[in-house]
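Build out the structure end to end from the sequences listed, making use of the hints.
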Amino acid sequence: MSITHIEHIGIAVKNLHEAIKFYEEVFGLKCYAVEEVADQKVRTAFFMLGQTKIELLESTSPDGPIGRFIENKGEGIHHIAFAVTGLKEKLEEVKSKGVRLVDEHPRKGAEGLNIAFLHPKSTFGVLTEFCEKPE
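83 is the number of the first residue of the sequence shown in the numbering used here; add one for each residue after it.
Simulated from the structure, these hints should not be mistaken for lab results. Cβ atoms here follow ideal geometry from the backbone N, Cα and C, with glycine treated the same way. Possibly wrong hints are sitting among the right ones.
What the hints assert, rightly or not - Pair by pair, the computed Cβ-Cβ distance ranges are:
| hint | residue 1 | residue 2 | range |
| --- | --- | --- | --- |
| 1 | Glu174 | Val108 | 14 to 24 Å |
| 2 | Lys155 | Ile88 | 27 to 37 Å |
| 3 | Lys179 | Asn97 | 33 to 43 Å |
| 4 | Lys103 | Ile159 | 13 to 23 Å |
| 5 | Val116 | Ser178 | 34 to 44 Å |
| 6 | Glu106 | Thr167 | 13 to 23 Å |
| 7 | Ile162 | Lys112 | 30 to 40 Å |
| 8 | Val108 | Glu171 | 33 to 43 Å |
| 9 | Gly207 | Asp185 | 15 to 25 Å |
| 10 | Glu106 | Gly194 | 16 to 26 Å |
| 11 | Ile162 | Lys96 | 30 to 40 Å |
What the hints assert, rightly or not - Listed below are the simulated EDC-like cross-link pairs for lysine to aspartate or glutamate, each with C-alpha atoms no more than 20 Å apart in a straight line:
| hint | residue 1 | residue 2 |
| --- | --- | --- |
| 12 | Lys170 | Asp185 |
| 13 | Lys190 | Glu117 |
| 14 | Lys172 | Glu153 |
See the structure below:
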């Protein structure tokens with residue numbers, strides 16, 4: 083499988099503004115983008131740390147995936163995302179190896195990336211995302 087690096091770590095937060103302020107003032111990181119992904123009912127903020135990003139995720143609706151996550155588990159690490167090449171083929175490959183998919187087909191995510199999630203029941207409890215820059 084062609085995983086090139088950890089693309090980002092997604093962290094669910096209740097208040098994006100407060101979390102951005104914390105990451106900037108306490109950790110000295112700089113938020114370089116804030117974006118809403120309407121179909122996922124989420125607002126995101128990104129920080130670059132070496133080759134890896136930190137993605138803060140705030141729900142825009144209590145019934146969205148982040149809203150439900152926070153309701154059930156509280157704030158914290160939501161997912162880990164790996165940068166891949168050949169996303170569609172990678173989904174077929176892991177599915178053929180018995181991995182349960184959340185997304186059978188790639189979809190658009192934040193920063194214009196094509197994304198797909200693997201079900202945490204197949205990945206030792208870790209919601210895993212594959213990300214690919216569109217060609």
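Item to complete: Indicate whether the distance between the beta carbons of Gly207 and Asp185 respects the range 15 to 25 Å.
Response: holds (18 Å)
Worksheet entry | Pairwise beta carbon distance, Lys179 to Asn97, judged against the given window 33 to 43 Å | Holds: the Cβ-Cβ distance is about 39 Å, inside 33 to 43 Å.
Item to complete: Indicate whether the distance between the beta carbons of Glu174 and Val108 respects the range 14 to 24 Å.
Response: violated (42 Å)
Worksheet item: Is it true that the C-beta distance of Lys103 to Ile159 lies inside 13 to 23 Å, as the hint says?
Response: Hint holds: Cβ distance 20 Å, inside 13 to 23 Å.
Discussion item. Next pair to validate is Lys190 with Glu117; report whether the Cα-Cα distance is within 20 Å.
Written reply: holds (13 Å)
Discussion item. Checking one constraint from the list: CA of Lys170 to CA of Asp185, max 20 Å. Satisfied?
Written reply: Judged against 20 Å, a Cα distance of about 10 Å means the pair holds.
Worksheet item: Do Ile162 and Lys96 keep their Cβ atoms within the hinted range of 30 to 40 Å?
Response: Since the Cβ atoms of Ile162 and Lys96 sit about 21 Å apart, the hinted range of 30 to 40 Å is violated.
Worksheet item: Lys172 and Glu153: Cα distance at most 20 Å?
Response: violated (32 Å)
Worksheet item: At the C-beta level, are Lys155 and Ile88 separated by a distance inside 27 to 37 Å?
Response: Hint violated: Cβ distance 21 Å, outside 27 to 37 Å.
Fill in: Beta-carbon spacing of Val108 to Glu171 - inside the hinted bounds 33 to 43 Å or not
holds (41 Å)
Discussion item. Given the hint of 13 to 23 Å, is the C-beta distance from Glu106 to Thr167 inside that range or not?
Written reply: At 32 Å between Cβs, range violated.
Fill in: Consistency of beta-carbon spacing, Ser178 to Val116, with hint 34 to 44 Å
holds (38 Å)
When each numbered hint is compared with the structure, violations occur for hints 1, 2, 6, 7, 11 and 14.
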